[in-house]
Amino acid sequence: MTETEQSAILDALPQTSSVKHKFLILIALGTKISLKIPTVHIYYFMLFLIDGTLQSIFPSLTLILAVNFIPIRNHMSVFKSQDECDHLINLAKPHMEKSTVVDNDTGKSKDSRVRTSSGTFLARGVDETVAAIEKRIADFTFLPVENGEGLQVLHYEVGQKYEPHYDYFLDQFNTVNGGQRMATVLMYLSDVEEGGETVFPSAKGNISAVPWWNELSECGKEGLSVKPKMGDALLFWSMRPDASLDSSSLHGGCPVIRGNKWSSTKWIHVEEYKVFA
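Heads up, my numbering is the position in the sequence shown plus 64, with the first residue counted as 1.
If you're looking for bench data, these hints aren't it; they were derived computationally from the structure.
Only a predicted model underlies this, so the values are computations on that prediction, with no experimental measurement involved.
Among the hints, a few may not be true.
Under the rule of at most 25 Å between Cα atoms (straight-line distance), these lysine-lysine pairs were calculated in the DSS-like manner [as the list claims (entries may be wrong)]:
| id | residue 1 | residue 2 |
| --- | --- | --- |
| 1 | Lys199 | Lys338 |
| 2 | Lys162 | Lys293 |
| 3 | Lys162 | Lys225 |
| 4 | Lys293 | Lys199 |
| 5 | Lys157 | Lys225 |
| 6 | Lys144 | Lys162 |
| 7 | Lys268 | Lys157 |
| 8 | Lys293 | Lys144 |
| 9 | Lys268 | Lys285 |
| 10 | Lys293 | Lys338 |
| 11 | Lys199 | Lys157 |
| 12 | Lys225 | Lys285 |
| 13 | Lys144 | Lys199 |
| 14 | Lys268 | Lys225 |
The calculated label-pair distances, taken between Cβ atoms and stated as ranges, are [as the list claims (entries may be wrong)]:
| id | residue 1 | residue 2 | range |
| --- | --- | --- | --- |
| 15 | Glu227 | Glu279 | 18 to 26 Å |
| 16 | Thr164 | Lys268 | 18 to 26 Å |
| 17 | Ser308 | Ser145 | 36 to 44 Å |
| 18 | Leu309 | Lys144 | 28 to 36 Å |
| 19 | Gln236 | Pro208 | 32 to 40 Å |
| 20 | Asn241 | Arg322 | 34 to 42 Å |
| 21 | Gln146 | Gly223 | 20 to 28 Å |
| 22 | Phe340 | Arg177 | 41 to 49 Å |
| 23 | Phe340 | Glu161 | 37 to 45 Å |
| 24 | Val190 | Asn324 | 34 to 42 Å |
Think of the CB as a built atom: it goes at the ideal place given N, C-alpha and C, for glycine as much as any other residue.
Given only the sequences and the hints, what does the whole structure look like? Please build it.
Structure, rendered in structure tokens:
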């Protein structure tokens with residue numbers, strides 16, 4: 065990677081002093097790769113909370129990102145306001161159904177006790193607000209809007225959960241359109257009083273050293289966990305820079321203990337994900 069290319073990436077990243085104090089920016093040099101996307105190359109870079117705390121605790125877990133986007137700050141963001149979080153919830157509410165999982169043998173959806181939430185999909189670019197959010201995700205990840213599935217909105221009530229799973233596909237059917245899922249952007253649309261953490265049970269390191277350890281539920285203490293907070297977004301990668309599947313991306317949604325949890329997921333593929341009418 066040339067100095068010019070490095071500078072271009074740095075220029076695209078948040079530059080405000082508040083962000084500089086909050087994040088440590090790390091760029092993995094020499095990992096420019098092409099993923100069959102014409103003229104598009106992906107540069108792997110990571111931002112870690114608490115001045116690199118996660119990076120020092122979990123040196124092997126290199127592809128996780130947590131960012132607080134509210135209140136509004138002068139940097140790249142997924143949400144411009146709480147109103148956008150509420151907008152996604154209101155769009156989804158009339159269409160919520162019991163969540164399903166993918167059958168690895170058939171590639172079709174099926175009911176499962178593994179996942180007990182309710183959810184629905186919002187068509188890509190269904191309105192101006194959704195299109196704007198998707199554009200910010202594309203700007204932030206350096207991955208085209210066209211590679212993303214529609215936003216999935218999920219609702220978890222007390223006791224509901226999603227047991228640890230991978231976002232990448234293990235069947236041959238779901239990779240026909242867009243290829244493999246390579247990245248996930250998980251957005252929290254509401255606060256949760258207790259529980260509901262996103263947990264990465266395969267993360268290696270001193271998981272009890274994170275500053276928010278005492279705030280976690282028992283489930284949340286089973287791995288590296290992120291507490292839901294309205295407006296936060298979590299980016300993680302299902303594929304390594306060499307395009308192999310990353311088993312450390314195993315993750316789950318802990319049971320909600322008090323309150324309820326609204327979230328939205330954007331899955332991003334290695335190629336264009338075609339939307340059929």
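Sort out which numbered hints this structure fails and list those numbers smallest first. 6, 7, 10, 16, 19, 22, 23 and 24
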